[in-house]
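Single-letter residue listing:
Number of protein chains: 2
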Amino acid sequence: MQDKKIPYKIYLEENEMPKQWYNVRADMKNKPAPLLNPGTLQPMTAEELSGVFCDELVKQEMNNTDRYIDIPEEILDFYKMYRPSPLVRAYCLEKKLGTPAKIYYKFEGNNTSGSHKLNSAIAQAYYAKKQGLKGVTTETGAGQWGTALSMACSYFDLDCKVYMVKVSYEQKPFRREVMRTYGANVTPSPSMTTEVGKKILAEHPGTTGSLGCAISEAVEDAVTHEGYRYVLGSVLSQVLLHQSIIGEETMAALKKYNIEPDIIIGCAGGGSNLGGLISPFMGEKLRGEKDYRIIAVEPASCPSLTRGKYVYDFCDTGKVCPLAKMYTLGSGFIPSPNHAGGLRYHGMSSILSQLYDDGYMEAISVEQTEVFKAAEMFARVEGILPAPESSHAIKAAIDEALKCKETGEEKTIVFGLTGTGYFDLVAYEKFHNGEMSDYIPTDADLQVGFDGIPKFPGNEI
Amino acid sequence: MQDKKIPYKIYLEENEMPKQWYNVRADMKNKPAPLLNPGTLQPMTAEELSGVFCDELVKQEMNNTDRYIDIPEEILDFYKMYRPSPLVRAYCLEKKLGTPAKIYYKFEGNNTSGSHKLNSAIAQAYYAKKQGLKGVTTETGAGQWGTALSMACSYFDLDCKVYMVKVSYEQKPFRREVMRTYGANVTPSPSMTTEVGKKILAEHPGTTGSLGCAISEAVEDAVTHEGYRYVLGSVLSQVLLHQSIIGEETMAALKKYNIEPDIIIGCAGGGSNLGGLISPFMGEKLRGEKDYRIIAVEPASCPSLTRGKYVYDFCDTGKVCPLAKMYTLGSGFIPSPNHAGGLRYHGMSSILSQLYDDGYMEAISVEQTEVFKAAEMFARVEGILPAPESSHAIKAAIDEALKCKETGEEKTIVFGLTGTGYFDLVAYEKFHNGEMSDYIPTDADLQVGFDGIPKFPGNEI
Numbered sequence: 010m011q012d013k014k015i016p017y018k019i020y021l022e023e024n025e026m027p028k029q030w031y032n033v034r035a036d037m038k039n040k041p042a043p044l045l046n047p048g049t050l051q052p053m054t055a056e057e058l059s060g061v062f063c064d065e066l067v068k069q070e071m072n073n074t075d076r077y078i079d080i081p082e083e084i085l086d087f088y089k090m091y092r093p094s095p096l097v098r099a100y101c102l103e104k105k106l107g108t109p110a111k112i113y114y115k116f117e118g119n120n121t122s123g124s125h126k127l128n129s130a131i132a133q134a135y136y137a138k139k140q141g142l143k144g145v146t147t148e149t150g151a152g153q154w155g156t157a158l159s160m161a162c163s164y165f166d167l168d169c170k171v172y173m174v175k176v177s178y179e180q181k182p183f184r185r186e187v188m189r190t191y192g193a194n195v196t197p198s199p200s201m202t203t204e205v206g207k208k209i210l211a212e213h214p215g216t217t218g219s220l221g222c223a224i225s226e227a228v229e230d231a232v233t234h235e236g237y238r239y240v241l242g243s244v245l246s247q248v249l250l251h252q253s254i255i256g257e258e259t260m261a262a263l264k265k266y267n268i269e270p271d272i273i274i275g276c277a278g279g280g281s282n283l284g285g286l287i288s289p290f291m292g293e294k295l296r297g298e299k300d301y302r303i304i305a306v307e308p309a310s311c312p313s314l315t316r317g318k319y320v321y322d323f324c325d326t327g328k329v330c331p332l333a334k335m336y337t338l339g340s341g342f343i344p345s346p347n348h349a350g351g352l353r354y355h356g357m358s359s360i361l362s363q364l365y366d367d368g369y370m371e372a373i374s375v376e377q378t379e380v381f382k383a384a385e386m387f388a389r390v391e392g393i394l395p396a397p398e399s400s401h402a403i404k405a406a407i408d409e410a411l412k413c414k415e416t417g418e419e420k421t422i423v424f425g426l427t428g429t430g431y432f433d434l435v436a437y438e439k440f441h442n443g444e445m446s447d448y449i450p451t452d453a454d455l456q457v458g459f460d461g462i463p464k465f466p467g468n469e470i
Numbered sequence: 010m011q012d013k014k015i016p017y018k019i020y021l022e023e024n025e026m027p028k029q030w031y032n033v034r035a036d037m038k039n040k041p042a043p044l045l046n047p048g049t050l051q052p053m054t055a056e057e058l059s060g061v062f063c064d065e066l067v068k069q070e071m072n073n074t075d076r077y078i079d080i081p082e083e084i085l086d087f088y089k090m091y092r093p094s095p096l097v098r099a100y101c102l103e104k105k106l107g108t109p110a111k112i113y114y115k116f117e118g119n120n121t122s123g124s125h126k127l128n129s130a131i132a133q134a135y136y137a138k139k140q141g142l143k144g145v146t147t148e149t150g151a152g153q154w155g156t157a158l159s160m161a162c163s164y165f166d167l168d169c170k171v172y173m174v175k176v177s178y179e180q181k182p183f184r185r186e187v188m189r190t191y192g193a194n195v196t197p198s199p200s201m202t203t204e205v206g207k208k209i210l211a212e213h214p215g216t217t218g219s220l221g222c223a224i225s226e227a228v229e230d231a232v233t234h235e236g237y238r239y240v241l242g243s244v245l246s247q248v249l250l251h252q253s254i255i256g257e258e259t260m261a262a263l264k265k266y267n268i269e270p271d272i273i274i275g276c277a278g279g280g281s282n283l284g285g286l287i288s289p290f291m292g293e294k295l296r297g298e299k300d301y302r303i304i305a306v307e308p309a310s311c312p313s314l315t316r317g318k319y320v321y322d323f324c325d326t327g328k329v330c331p332l333a334k335m336y337t338l339g340s341g342f343i344p345s346p347n348h349a350g351g352l353r354y355h356g357m358s359s360i361l362s363q364l365y366d367d368g369y370m371e372a373i374s375v376e377q378t379e380v381f382k383a384a385e386m387f388a389r390v391e392g393i394l395p396a397p398e399s400s401h402a403i404k405a406a407i408d409e410a411l412k413c414k415e416t417g418e419e420k421t422i423v424f425g426l427t428g429t430g431y432f433d434l435v436a437y438e439k440f441h442n443g444e445m446s447d448y449i450p451t452d453a454d455l456q457v458g459f460d461g462i463p464k465f466p467g468n469e470i
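Top to bottom, those sequences are chains A and B. Okay, so the first sequence: first residue is 10 according to my numbering, each after it adds one. Okay, so the second sequence: first residue is 10 according to my numbering, each after it adds one.
These aren't lab readings, by the way, just hints derived from the structure by calculation. Honestly, I wouldn't trust all of these hints.
No copy is singled out in the list; a pair is fine if it fits within one copy or between any two copies.
[What the hints assert, rightly or not] No more than 16 Å apart at the CA atoms, straight line, and that leaves these computed lysine to aspartate or glutamate pairs for EDC-like:
hint : residue 1 : residue 2
1    : Lys265    : Glu22
2    : Lys18     : Glu179
3    : Lys68     : Glu57
4    : Lys105    : Asp36
5    : Lys138    : Asp271
6    : Lys18     : Asp86
7    : Lys265    : Glu23
8    : Lys318    : Asp36
9    : Lys13     : Glu23
10   : Lys14     : Glu376
Isolated chain A (complex conformation) (with noise of 0.2 Å):
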C-alpha cells in the first residue's frame, strides 16, 4: 500500500522550519481594500487602529508590501515545542476510497489548543507583551482560538479575557476548563459586562449567540481598559501573514520529497487556517510560476463566500468595528443554533475575498450530516477525531480524490486538517444518535442580513 519513496508522515527538521512568514499581499495585483473608519467612511489610519490593535500588529495589518516577514526569536522558540506540524500521506484513506489519488493533509491537532490557531495567538501575545500592555481581550467560537491565546498569555504571562459564543460555552464546558488551566478569564457572550452585549440581550433576548457579537463585547472591554488590546483570531491579514507557517511549512515537506500538489484544499470561516495553508502557493500561483486549484469549503449554513455579497461591512454585530470590505452574510447573520462547531463568521478574510473575487480560488459550500459522515470515515481509517471544522476540508478532498476514481486521474490533493474534535463530542453524540440536522438558508433569510450592511456610494450590493 505503501509508496516506499514517501513516509506516512513528512517531518521537517527543526533547522528546516520556516524563519519567515510569507505576506501573500506583496503578490497580489489588486490588494485587499483596507480598513474604513466607519463614520468618515476614509481608510483607518495606523494611529486609529492603535486604539485596538498593537502597534506591531497594526503595522502587520497594513503592511501590502513586505513579501517576507521575520519571525521574531521567541516566537520561533515557542513553535519549536509543537511544530513543526507533520504532512500526513492518508495512505489509509486512499485505500479505503480506492483513488488513484495522493492525499496529504497538514495536521494541526497536535498541540494543546487542538488547531492551528496557536500559530497566531503566540504572535499576538508576544507583540502585546512586548509593547507593555497588562493583557488582551478576544473573543471564541468553538473554542479554539480562545485556548490557543489562553496557552499564548500564558506562557508571556498576561492577562487573558475571553468572550465565548454563549452556545459553545454550554455546549463545550470542557474547554472553559482548559483555558482556565492556563489562567484565562472565560465569559458567555453576549453578556451582561459590556454594553453592547446588554443592547444586544435586549433586542434579542434569546439569542446563542455569534461570533460577531462577542467580537464586540472583547474590543469594548480593550478600548475601555487601560493596559488592553484586542486580538483575532482570524479574518485580519495579520492572523493570515502568521499562519502562513503552515503553508510555508507544507510547501516545504512537499519539495523535500518533490511532491507536486494539483488541488489544495480548506476549510473557510474568517479565513485563518485557508489563508494560511495556501499563502505561498497562491503566491506562485500569482506569480504565474505555478497553477493550482485552490478551494475554499465553507458550511452550507454560514455560506459567506458562495452566497456573500463582496461589499464592506462591519466585522462585528455591535457595529463597533471598522468596516472591511469582504464576502459577508451581513454583520447581523447569526447560524441557525442546529450549526455544530466553529465556521460561523458572517465574513470572509478581506485578502481571501478579494483572490476569490480575481477568480484566483473556488469556492463550495457542504451541508453538516455529510461532513460528520465523512469526519466519522476519516477517524475510522487514518485514526484522527477530526475538528468539526476541518471535516469540511477532508468532505471535499473525499470528494475529489473519487472525482480521480471515475476519471483513473493521479492527482495529488493537499488539504488542511485544523484540528481536532476532542471537545465537539456533543455534536458527534448527535451525529451518532440521528438527531442531527442541515439548514440551508433560504434567500429570505440571507435578505435579514443583506439588509444590515451599511449603504454608502460605492457600496451597493
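Given the coordinates of chain A, assemble chain B onto it according to the supplied hints.
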C-alpha cells in the same frame, strides 16, 4: 535558553523506527513467575491460556527467552500513522525550575486514544484478526485503553466490547462517544450483563467499580461467547513487550544526539507505560552495560509497589483469572472514590514486580493534589495539558530536577509523558475549585485487601 545542538523535539525518521519489540525477560536472571491455574496451583499451560487469549499472544506471554520479536508489517504500517512519538527536551520547564538538570519526555499523547495504549491495542487486535476471531472484550479505567482498542478494532474490522469502570464512565461521557465513533460497545462496570457483575453488585451495591471488576466481566463475556477473546491493556508481559516500542524509540532518539540519561521515570498503574519505557534501558542495566536510576511513580491512594505484598494474587476482583505473582494490594482493593484518573489497578506487572524485588528499580508514591499542581505548572510552560496519570511522572521529574538545583548536578532526566488530559477536565475542574482531596489508605484499610489474597503453601504474606 536552547542548546542549539539539541532540538526541542527529536523525531526519528520512518526508516529509523524500531522493527522489533524488545523482550526484557530474555535478559532477566530471575524470570517473572509464571501465571498459575487457581484450581491446581500449577503453571498455566498454553492450552489453558488459549481459551482466554489469542494463540500468538499466548506464545508472547510465555516467551521468556527471545530477546527480540519481529513486529509484523501490518502493525508497523499502523505505527507509522502515529509514530514515532517525539522525545521532547523540556527547555521551558528547565528554565521555569531554574535547574541545571536536562529534562526530556517521551510524549505518547499525539494520537486520538490520547496515550501510549494504542501501541499494544493494535498488536492485540492484529493477532485476533489473524486468528479469524469475531471480536474482543476488554475493560477500561480512565478510558484510554478502551479508546485505543476501539481504534485498533475499527482498523481491522473487529467487534469490540468494552467494560468501563463505572466512575470513569460517569465522569467521562465523552470517552464513550469517541469509542462509539470507532464503533465500540461500551458498558459501565460492574454491570448486570455478566454473572460476576451481578455478584459484585450484590455484595457492594454502591461500588464505583474498579479495573479488577471490569476485567472479571470482560473475561466472562469472552469465554462465554464463541469467536471472542479477552485482551488487556496493561499488567501482562505481552503488553510490556508491545510497549517496548516506547523505550526503543527513546533510546534511539537519545543515541542520535549522544545523550546519556541518568534517571528514567515512569508513572505506574499496571506497568504498561513504565515497563515499555524502561525495557531497553533495563536490558542494558541487567546485562551490566550501563547503570541508570529507574523510578516508578504511583499514586499514594493505590500504592501497589510501595506498600503492597509480593505474592501470588488474582488479577481480577471476581477471581476468574489466573493467579499472577506480583506486588499487590489484594484483588478486592478499590481505590477511594476521590482518586482521579487511572493508575487504579491493585497489582503490578509480574516483570516489573520481579525487577523491583531484585533491586533494579526504585518506587515512590505521590499525592494527587501535588500531582495536579505539577500538571498545571507543566501545562503552562510546556504547552501540553497532561493526563493525571502522566502527571505522576512529571511530579517526580520536577522533584529530581529541583534536587539537581540544590546540588548543582547537571543530571539528564527522562520521563514518560504517557498522554493528554483532554478527557480529564472534571478532575482539573475539581482541582481549580479547591475540591480535590488526597487519600492515603491506612494500614487497616490495606489489610482488608490483603485478607483476600489466596493462601497456599509458599504464598504467605
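Against the structure, the hints come out as follows:
In the homo-oligomer, the alpha carbons of Lys265 and Glu22 lie at most 16 Å apart both inside one protomer (11 Å) and across protomers (13 Å), since each shortest distance falls under that limit. Within a single copy, Lys18 and Glu179 get their C-alpha atoms no closer than 36 Å, and across copies no closer than 36 Å, so neither meets the 16 Å cut-off. Taking the shortest alpha-carbon separations for Lys68 and Glu57, only the intra-copy value of 12 Å comes in at or below 16 Å, while the best inter-copy value is 74 Å. Neither within a single protomer nor between protomers do Lys105 and Asp36 lie at most 16 Å apart by alpha-carbon distance, with minima of 39 Å and 42 Å respectively.
Taking the shortest alpha-carbon separations for Lys138 and Asp271, neither the intra-copy value of 41 Å nor the inter-copy value of 38 Å comes in at or below 16 Å. Proximity of Lys18 to Asp86 under the C-alpha cut-off of 16 Å is restricted to the inter-copy arrangement: shortest distance 11 Å between copies versus 23 Å within a copy. Taking identical chains as interchangeable, the C-alpha atoms of Lys265 and Glu23 lie at most 16 Å apart whether they share a chain (14 Å) or sit on different chains (15 Å). With identical chains, the CA atoms of Lys318 and Asp36 are never at most 16 Å apart, being 25 Å at best within one copy and 71 Å at best between copies.
Taking identical chains as interchangeable, the C-alpha atoms of Lys13 and Glu23 lie at most 16 Å apart only when they sit on different chains, with a minimum of 10 Å there against 24 Å within one chain. Taking the closest pair of Cα atoms, Lys14 and Glu376 never come within 16 Å of each other, the shortest separation being 37 Å inside a single copy and 49 Å across copies.
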